[in-house]
Amino acid sequence: MNILIPNSWLLEHLETDATPKQLQDFLSLSGPSVERINEHNGEPVFDIEVTTNRVDSMSIRGIAREAAAILPQFGIPAELKPLNLPDVSKTNNPLPLPKILENDYLNHRTICVILSSVNRAETPKWMADRLEQIEMNVHDAVIDITNYITHELGYPCHAFDYDKLVATGNEIRIVEAEAGETFTTLDGESFTTVGGEVVFKNGEGTIIDLPSIKGTKNTSIDESTKNVLLLMESIDANKVRFASMTHAIRTTAAQLMEKNVDPNLASDVMKMGVKLYQELCQAKVASEVYDHFPNQAASSTIDITSKKLAEYLGFELPLNDSVKMLEKLECQTSIAGDILTVTPPSFRPDLVIPADIIEEVARLYGYHNIPSILMPTAIPLNRPAETNFGLEHQAKEFLSAIGWQEVYTYSMVSESEALESGFNIEDHLKISNPLTEDKVYLRRSLIPSLEAVISHNADRGSVSVFELANTYQPQDQSLPEEMLTLAMISTRDYRTVRGDLESLLTKLHIYHCVITPLDTNDQIGIIQVGDSAEEIGQIAVGNKHVHVQLKMAALVKLSSSHPTYKALLKTAALIEDLTFTLQEKTKVGSLLAALSQADPMIESVNLKTIYNRNFTFTIIYRHPDQPISSEMVAPVRKQLVTLVESDWQGHLVGELSN
Amino acid sequence: MIISSFLEELAKIEEQLSKQANSSRDDLEKMFLSSNGLFTLISKQITELDPNDRKTAGRSLNQLKTAIEAALAASTSTNAKDKRWIDLTMPGEQPTVGHIHPISQAMAEITGIFERVGFTRVRYPEVDWDWYAFESLNMSPSHPARDEWETFFVDQKADLEKGQVVLTPHTSNGQVREMERLGEPQIRMINIARCYRRQQDVTHTQMFHQFEGLVVDKGINIQHLKGTLDYFAEQFYGPGTKNRIRPFHFQFTEPSFEVDFSCHICSGTGEITKDGRVEKCRFCKSGWHEVGGCGMVHPNVLKAGGIDPDVYTGFAFGWGIERTYTLKKGLEIDDIRLLYSGDFKFLEQF
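Chains as they are written, first to last, in the numbering used here: chain A, 1 to 658; chain B, 659 to 1008.
Be aware that one or more of the hints could be misleading.
As the list claims (entries may be wrong) - What follows is a set of in silico ranges between Cβ atoms, one per label pair, in the way DEER data are often shown:
(1) B:Pro-799 to A:Glu-102: 27 to 37 Å
(2) B:Lys-961 to A:Gln-22: 40 to 50 Å
(3) B:Pro-799 to A:Ser-117: 44 to 54 Å
(4) A:Leu-374 to B:Asp-993: 30 to 40 Å
(5) B:Glu-819 to A:Tyr-565: 45 to 55 Å
(6) A:Ile-575 to B:Glu-666: 55 to 65 Å
(7) B:Glu-819 to A:Asp-268: 15 to 25 Å
(8) A:Gly-542 to B:Asp-993: 30 to 40 Å
As the list claims (entries may be wrong) - For lysine-lysine, the following PhoX-like pairs were computed, each having C-alpha atoms within a straight-line distance of at most 25 Å:
(9) A:Lys-307 to A:Lys-90
(10) A:Lys-587 to A:Lys-544
(11) B:Lys-1003 to A:Lys-544
(12) B:Lys-961 to B:Lys-900
(13) A:Lys-271 to A:Lys-307
(14) A:Lys-21 to B:Lys-900
(15) A:Lys-21 to A:Lys-90
(16) A:Lys-21 to B:Lys-932
(17) B:Lys-876 to A:Lys-307
(18) B:Lys-670 to A:Lys-570
(19) A:Lys-99 to A:Lys-21
(20) A:Lys-430 to B:Lys-820
What the hints contain is simulated information worked out from the structure, not anything from laboratory work. Note that CB positions come from ideal geometry on N, CA and C, so glycine has one too.
Here chain B stands alone, though its shape is the one from the complex:
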């Protein structure tokens, strides 16, 4: 036998193989690999070749065998007589997977919600000058309003102009920094960062996260602030979430508002029925959860950022991620310190 006819023969077998895409494993085995199968028969013919051609023939035979094996692997075992039993009740073997931290999950969700309506996410210092954290936000060093931001100070010499170095107690330090970055509006900023305050209990940790929205442009008014809050509430908590804004006070916004969402535990009624008795809901304040503050940017803050308050107006909001996230229906985390415990029993649930 000469090598060319051998190779021709092989090509024919390969062609036949290519037509057997729907054949069962048994049929394929019978057709190619049984004692009188096509592959078995041709491979015996190698001895009839010139020794110099056997290497080439062997390589081609190998390629054919690989193709037959691939076809076998892809085939289904449809012959009922030899169907192997599989225990479908056996547990699966799961790969080892990690988990993205719930705070990261919340951040990604919040970022996505705001990016869809044109906000740009930014990052500003977590350790910043007093000027950005307070003074440019209309809070002079002795202002009593500062009490509410129980601030950590860094043991470092104060700057003559920008004051002391603080661990940012809120993400609002990003407001004037964003105005400086852009030079002039339009601004639609979402700033998410670690924040720090001197407090620690089941609802407070020394370190936490906030997300800060800032919108500045011509013609921005309270309606746009309300629109943005309603949009966020619907997206984050689901359709039908009730929210309201109430008068509040912040030095860096005027008017200022507190934002409430309806309590999912008591359905906004402020009362729950337990053992047949009606009790006050202990998770909320009369049916509402305070989520955070917001307001129209104070003219002094715009000025501090080099923006003319007679031409531009804006609104800002800053809320805790932990607080906002833990109000998700059905989540029921009752101690936010768990978020920073590094405990796998907790983290693996997310």
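Next up, chain A with everything else stripped away, as it sits in the complex:
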């Protein structure tokens, strides 16, 4: 939450010589962050971020209190000025207060007073200027006073048109709304209740206020208003939050109340209100003060030892030093032995446990004054077995080095992209509150997203992209299985992509990649390695592009940081090329495997070139113990030719010499 604090308004509550820049720097270091100083009407206005737990600082007074505690720590004298508010004087001509049907569960305090003969005066210039500085609209004094007080003291207050209340029985019932009731807010917007909102109703059962959120039109101030009921309530924070969020009415009042603003503040707010209505609108107090404040929370105490404090700070700080700081924050303190007992003020519900007190002491001591060192403790060695981030990065580096571009695409996809993955739409996890229609389903495949990247870069000609990311497989009554997938997609041809895949696997010391066609069209192949039956991924030839999907978990399992060294053979090899003419649809991969295994003397067989149906293979023959000769190779060569002719219906181009 941000709040605008004009410097001169702040100084009405704070006695100090600090410059605006000093206030900005020192508040930011030890308290609420002063993000900027804006100039407005020639005066500095602080734009301050207040954290959600510090609703007590959401006011001029609250910031002044912080400044009074912080500035002296930087050597700048500062004091919070007392609030001099007169008691509300009794009246001689009373008007009857409304009959209020309290509900102590829903509402923790109600305080109100009637002000009569309210003059519809213009908002005085000094107040209008300040409201403009804090970017609030200026109406007239009767309305603006409530906004002004809320900003100054940090507690919401509401002015009812008293006569409108009287017209419907002068009764306020604090109840939960049923579903389907309607109300219209003071700015004319109509709502229907969902049930459970805390509302004020009159004796006729009509909603006459959405307390702590927004007034309703049927009881709000208008041009005919003469008498005002100034009322502060303290509706249960969760209830306020529920109604405010449900109807998206996010007023300052709601934001204060849903954060448990201290109901004790309401008395000062009422006194301030009466004072301003008297001064600016010549109003008269026309009733006793009604104040229903049951179950006032007893102050709780927090004990803290100097040892505990040192545990967080890393050094000993005398308890007396802490006491001085805490008392500036209006905490009561006492020391008995090594124990400091702290009683926080009622407006600090955020102070509950010793760590909360430590935070107060540490920030006022100044985080910038605390030394900075790295941990001297033992380095943990227990690493998760299932991940290998080094391998992941190695794969990325290798692919990018051989021409593949890494991309990051969204995990959420549109309905059409989800369907492109080949899974039914109901087999996807769906986001119940998507922000945009193109990101609704958790994807089961990275391919549609990568296809979109290719389309996006259509002007590029040859494009190869990859992504390492999770796919999400739904599981019954459980979290989805997040499958880390390395997906590659390229506009290049199958052999080039497969070559890159094979070299990637080899780089990771995963050898002997085997691809087995899966379907009858031979468009999808299962990727396996070595003798393992485990499928590590798939390769598919689409209409235009080649897709590869690899399971990272399998790569992690099969990879190695190093190869198994094979003794270097000292004997010379004999290398020769053989060209065969092969039949249509011959599975060259299978043929290669068969040729490689035909004889122990064959070290390797590689496909060298393809010309029409002629396939040239480079064959390396080697004997581990002796130099290889033509005489030794001849029978093996013949065996290869026979194999191709008999099992694959191919034939050698040329003739064997003998």
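Keeping the supplied structure of chain A fixed, place chain B upon it in accordance with the hints.
Leaving out everything else, chain B in the frame of chain A:
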């Protein structure tokens, strides 16, 4: 001529070849391949051999020729008279290379920085139970603090104990999971993952990345948190980078801090001079960039992870990778949505 003397002759030539390592290409050609070169002369003698020996001789001759060719290839053309002209101003032929995505580059750098001081990188679910994402982090289902984590929910039946399924809005779900994995401290975790929030503008994307640090042990205090932040800032942004921690609030840390780094655009002054006029720097807040949050682990979080807060203390931090990375001096990415656009014009710059 008999085969043995032929082979002996060949061996001599081979030996001579081996001594010519520093000879120029021209000299080598003259010595071995010219009309009266050693290789030319010996190869003519093959006809004088017994036909049965010619095959062996031919193979040996071939080996010699291969060796001569290799020597030629390795030699330099030092004879000035025949030096071929090379246009050194010609552009090079570059191989096609891809690029590692900037987020991956940042992740690798961040991982390295923390691993050097003993952190272990981990991975936890991106789609997780409400318990890990919020409730175990001291945030009950109705807590207003949850507003700041504009959370995506998965349309799936809630678990009675662990609550709804959410897309993790931060990497802090790894905190209690890491405590559970290890059973007891020591913990020095760095958790980097995709995160998701319902927001989208020039500085926010529905999907982004965070890195989360968690340290739990006996005697861990604010000094160690500051030390770790200072170390990271120096390593990631370079020596002399100023940073500060300020009071902040998170439900899962107490005390909580916001971490700022000095703005490199305005050198931490909050003002820039443009056309002779002094203006407020629009990239930062008064000279500082908020990078992310951190704090001492809340006792309730330690308890949720089965760790005794009376014995152990810890600190945690969680920052956006995009935010942290784009503050690198001179990078000047002004729209982080580009990171997820898949646009080659952008990606090829990295």
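(Q) Given the hint of 44 to 54 Å, is the C-beta distance from B:Pro-799 to A:Ser-117 inside that range or not? (A) 49 Å, holds
Q) Are B:Lys-961 and B:Lys-900 close enough, with their CA atoms no more than 25 Å apart? A) 35 Å, violated
Q.
The hint says 30 to 40 Å between A:Gly-542 and B:Asp-993; measuring C-beta to C-beta, is that right?
A. This hint holds: roughly 32 Å between Cβ atoms.
Q. Does the Cβ pair B:Pro-799, A:Glu-102 satisfy 27 to 37 Å?
A. Cβ of B:Pro-799 to Cβ of A:Glu-102: about 28 Å, so the range 27 to 37 Å holds.
Q: Given the hint that A:Lys-21 pairs with A:Lys-90, test it: the Cα-Cα distance must not exceed 25 Å.
A: 46 Å, violated
Q) Do the Cβ positions of B:Glu-819 and A:Asp-268 conform to the proposed distance bound of 15 to 25 Å? A) 45 Å, violated
Q. Would the pair B:Lys-1003 and A:Lys-544 pass a check requiring their Cα atoms to be no farther apart than 25 Å?
A. The given pair, whose Cα atoms are some 23 Å apart, holds under the 25 Å limit.
Q: Would you check the hint for B:Lys-876 and A:Lys-307, treating anything up to 25 Å between C-alpha atoms as holding?
A: 14 Å, holds
Q) If you draw a straight line from the CA of A:Lys-21 to the CA of B:Lys-932, is it 25 Å or shorter? A) Satisfied, since the Cα-Cα distance of roughly 22 Å is no more than 25 Å.
Q: Would you mind confirming whether the straight-line C-alpha gap from A:Lys-307 to A:Lys-90 stays at or under 25 Å?
A: 54 Å, violated
Q: Take the C-alpha atoms of B:Lys-670 and A:Lys-570, compute the straight-line distance between them, and say whether it is at most 25 Å.
A: Holds - the C-alpha atoms of A:Lys-570 and B:Lys-670 are around 23 Å apart, at most 25 Å.
Q.
For A:Lys-271 and A:Lys-307, compute the direct alpha-carbon distance and say whether it is at most 25 Å.
A. 44 Å, violated
Against the hints set out earlier in the document, violations occur for numbers 6, 7, 9, 12, 13, 15, 19.
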